[in-house]
Amino acid sequence: AQTVTQSQPEMSVQEAETVTLSCTYDTSESDYYLFWYKQPPSRQMILVIRQEAYKQQNATENRFSVNFQKAAKSFSLKISDSQLGDAAMYFCAYYNQGGKLIFGQGTELSVKP
Amino acid sequence: DSGVTQTPKHLITATGQRVTLRCSPRSGDLSVYWYQQSLDQGLQFLIQYYNGEERAKGNILERFSAQQFPDLHSELNLSSLELGDSALYFCATASVPPGRAEAFFGQGTRLTVV
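Quick note, the sequences are listed as chains A and B, same order.
Numbering-wise, the first sequence is residues 4 to 116 according to our numbering.
Numbering-wise, the second sequence is residues 953 to 1066 according to our numbering.
So that you can see chain A by itself, here it is in the shape it has in the complex (with noise of 0.2 Å):
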């Protein structure tokens, strides 16, 4: 069975660094999509990057980009340039063309001014 792993419950970053969250998982399959969430203090569930397994390039968006390392099983979220508004809690999500949707236990940032 696949399972995400988030090793790192809480993480702290100051403001404007760079904080890089990690995720693992564990899978048998060779075509899958995996996904990084954002959970603000809103309890609001938001999108911020996802990553097709068959493509070897890194996704990006603005500031938020991936280490995909797919042999490794590996999919790390790098934010930089940190802003007080990236703090949150991050889940990490495997997701498979048979439509499972696996979730990590979150690595809660905070983001020091």
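Wrong hints could be hidden among the right ones.
Said to hold, decoys possible - Below are the DSS-like pairs computed for lysine-lysine, each with C-alpha atoms no more than 27 Å apart in a straight line:
(1) K103(A) to K76(A)
(2) K115(A) to K73(A)
(3) K81(A) to K961(B)
(4) K76(A) to K58(A)
(5) K961(B) to K103(A)
(6) K1009(B) to K76(A)
Hints are computed from structural coordinates only; laboratory data are not their basis.
These figures come from a predicted structure and were not determined experimentally.
Chain B: place on chain A using the hints.
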């Protein structure tokens, strides 16, 4: 706006009661997922439907049930409510069009059992 609509946004009810939460998916999304999130907890997967059929079950209590209707909206029914059922209930809907997958969440229903 994700395009996924959940109603109601807030619900306060007494122990022992029954409630129904509703989720309307984005146009074209066939999959619906229900999650429970208690305070300071992660997302607990409850159940998934695909095009009207149950596809997968997670840690869903027997007091809870769900269904997906022909128009693809879904309802989560919670009965014999207990204080511990107080939580945020999310639905997410997803599609896998060629070359792209997306899974978006509704704003959640905050259930308070008193």
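Discussion item. Hint by hint, where does the structure go against what was stated? Just the numbers, ascending.
Written reply: The structure conflicts with hints 2 and 3, although it agrees with all the remaining ones.
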